[in-house]
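Peer 1: Using the sequences provided together with the hints, build the complete structure.
Respectively, the protein sequence lines represent chains A and B. If you count by the working numbering, then the first sequence holds residues 1157 to 1449, one letter each, in order. If you count by the working numbering, then the second sequence holds residues 41 to 510, one letter each, in order.
Worth flagging that the hints you see were computed from the coordinates, not collected in a lab. Heads up, none of these hints are tricks.
Which residues of chain A face chain B? A partial, calculated answer using Cβ under 8 angstroms: (1) Trp-1175; (2) Gly-1177; (3) Gly-1220; (4) Cys-1224; (5) Arg-1327; (6) Val-1329; (7) Phe-1333; (8) Tyr-1337; (9) Pro-1338; (10) Val-1339; (11) Leu-1341; (12) Arg-1345; (13) Lys-1383.
Using N, Cα and C, we set each Cβ at its ideal position, and we do this for glycine too.
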Amino acid sequence: MKNGFAVFFAVLVTLGGSWLGFVVAPAIQLGTAKQAAILNSTDTWPLQRTGEATLGLQVYRANGCAACHTEQIRQDSVMAEVTLTSLGKSKPEDFKAFVQSLFVLPELAKVTNNLAATLKDWKGELPATILTTDDKAMADAMADRLKAAGVKSETGIVAIGADIPRWGVRRSVAADFLYDYPVQLGSLRVGPDLADVGARLPDANWQLLHLYAPQIAVTNSAMPSFKFLFEVRKLGAAPSRDALNVPKEFAPAAGYEVVPKPEAKELVAYLLSLRADAPLYEAPFSPVTTAKP
Amino acid sequence: MNPAETDQVCPAKIDASCRVPLLALFGGAALWLVIGLFLALLASLTFHAPEMLAGCSFLTYGHLAPAANDLLVYGFAIPAALGVMLWIFARLSQAELVLPLLPVAAANFWHLGVFIGLATILCGRSSGFNWLEFPRAAAILLGVAFVLIAISAVGTFSQRQERELYPSHWFLLAALLWFPWIYSTANLFLVSTWPVRGVAQAVINWWFANNLIFVWLALVGVGVAFYFLPKLAGRPLHSRFYALFAFWTLILFGTWIGIPEGAPVPAWLPTTSAFASFLLIIPLIAIAVIVVKTVWGAKVNCKGGPFCYLKFGITAFILSGLMLIASACPEHGRTVEFTWFGHAQTQLQILGFFAIVICGAIYEILPRVMGFALPFPKFVRLQHWLFMLGTVLLVGTLAVGGVQQGLKLYSPDAAMLALRFSTLGWAAFLLGSLLFAANIFVMTMKWKLALAKTVIAYIKSPLASSEVKP
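Peer 2: In structure tokens:
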């Protein structure tokens, strides 16, 4: 460490390692990514956003929406589940007895407690998820047994985590952001996650009202109003086609109407285009038919 | 106390050579610090009443928060750091500053760049990447200014009388090399005409953010502390070997942190990052040992002076590193992801650690450089208390609020109480920064007045007899 050049060279190598690892390698691996195949389908993911939604991403960026909202759903794990769809000819009591007879099987030993607990309160409602396990082979074995007994069932895959199902059905993956510039992942959840908001809240009118005065849609919302994306103008001979149907306490003075500016419409188009609802190899799930809480 | 310093050149001459560049850098930095903290306070107020500023597009949280953050880092932290660096290089080299006009011009470019950046963010034309919101024009100005200052710094460094390097040299030289590297990389890959595709943008953004906020500020802050602590304590830095170890492990592990665990990227990225976060404990312990062994038992009566600033700053740095490690912890780290905890760590790093270390250094440097004492010496102590109070109120409440928010699964009300208390923290910081700015501006004005008086006196003075025609 006696001369400057030795320090410079050693620092160069150390820092260069980080640069190669976290800049060059991801730029090669992720920067050349192509569309991903959707599971059990010939379609690819993601879809290119519409022109209006692409402009809306810029409104989202300009207003710093990512300061309070993330676009990343996380999951802890995936589970396989067996869902009963039809009992065939047998009655619920018979079915319970049949399942209890399976408890002696060594390959189901791990899940007997799980099964017994699920069936205890079950009174024959269908469809019903009777088994959730992290072992796909176990779920398949159970499904085979049920099939042999003449009972119809479906095995499915569900993602598990605190964000699921309230904000989406599966984790966000790299492919979801393939066409975005700038990618707005966000780092703070003052408001809810928006990765799947297009599937969750698909009503454009609700979205516009929520932007105009968040308290209309969500009581005590901490979100500021984005009134500057709307125009309050004098009512003409007839109300404008786009005019919002604002509840009384938020409405402007009589004789005026609230009309979204193009920016507001673009932003809503972008929000509605935010979806993370296609099953992919890296984030599998099956559309589940059961009524989950 | 530093081995490299012998009194071959008169220290007063060295200090005088730094005067104008340092004033240009510190003056702007103090102004941006005040404005940045004011914007941060406004942003924090929007949580008390969301409707208050909603009518103005440029006063919403989404505009104010990035503007405030950028002003604190680009407006205040970096120029202040560069000024302190120039002085330390000159002092360690025992040489006058080389090309002193370069940093003066560069300081003006830099502050112009920050002004353009601020206006752009408030107008809603930010690039949308964290810590890179400035547009291309501002980024180019900042980059050019940094390189100009680095030329002057390295030139001064090469004039050194003693060939052997002092530990602060390693930290500060690495910082001089690393900023242009990460800043140009991030701008070329993200803000240029041909950005990278998809989440590669996010990965590079995380890498840049961590390297700027954690690594770069740590390199400068620790480097500056390693220069001043032994000087003020009146004893040598404890073990050059420890310092070398801390330096290498810091840049080896610190530069790989930053990718959050649940990120939608290939798993090797967050895994590597988490692993590097754990190893970060090694440089943290090394730095703590060095500082404790250097200052423990030193008979310094600091009373809120620069010595106290440095001790508090280094403690905040260790805490900020520990918070970074905690948020990378598997399982438990997820609780605080996407919460205010991360912001608490960032502000602890920028304000609790860096701002306080650099303000302490500036208070130590300015009277020497200007040749007269601080106009308000009592403000130094008061600012120390205000910054400490601000750190506790802001970082403490946000960290606790972040944990609550995570435990309550991001329920909107979970962190509200903490957020409201954190506003007080911003207010304390703002008050402290006003005291800092008052000292710097009054000093600058005094110097300008003295300069004007000299010029007037020169004009008014009778001509020397040799000039008078017979």
